[in-house]
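Since chain A is already given, all that's left is putting chain B on it; use the hints.
Residues per chain are reported as follows:
Protein chains: 2
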Amino acid sequence: MIGNIAALLTTLSFLPQAFKVIKTKNTEGISLLMYAMFVLGVFLWSIYGYMIGDMAILVSNTITFILAIVVLCYKVHSIKKSSN
Amino acid sequence: MIGNIAALLTTLSFLPQAFKVIKTKNTEGISLLMYAMFVLGVFLWSIYGYMIGDMAILVSNTITFILAIVVLCYKVHSIKKSSN
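Protein chains in written order, with the numbering used here: chain A, 33 to 116; chain B, 33 to 116.
There is no bait here: all hints are sound.
Since the list gives no way to pick one copy over another, a pair counts as held whenever it fits inside one copy or between any two copies.
Taking lysine-lysine pairs in the DSBU-like style, the calculated list, with each CA pair at most 35 Å apart, reads:
hint, residue 1, residue 2
1, Lys57, Lys112
2, Lys113, Lys55
3, Lys55, Lys112
4, Lys113, Lys57
Hints are computed from structural coordinates only; laboratory data are not their basis.
The shape of chain A in the complex, shown without the other chains (with noise of 0.2 Å):
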């Protein structure tokens, strides 16, 4: 049950970071290393995951993959446009 609830939290949590960044374009205080060391282990979370045959590890992993590749790319997008 404590659990289901963790991976509950930190998956979702993803989804409010997601939203402000869309909405607001803003990822000033964001860490770009952050991001990027995240999201290669969500990545590698959900194909172990998918290897020991765990649909929760696979399905929560993967979700919070979308959601931390969103921050990611408005990240990487910020950076480029403000060293043009």
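Using the frame of chain A, we list chain B on its own:
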């Protein structure tokens, strides 16, 4: 092996974010709701890891909890400061 690398990446990814927030004091693009949910989530993961006796889950989530709390505190502090 993939699971350990994934855990390492997702855990340590919050280190550059904590450093960036401490250094720049800029939390503008960061979502308060995300970190509130995420901190609660990794806290529950730590409890879950303790309950099932899984040191990897306990240790990785405790580290993430500490790093994420740093970001959350800076975010709360900057909101309080801007509302004064």
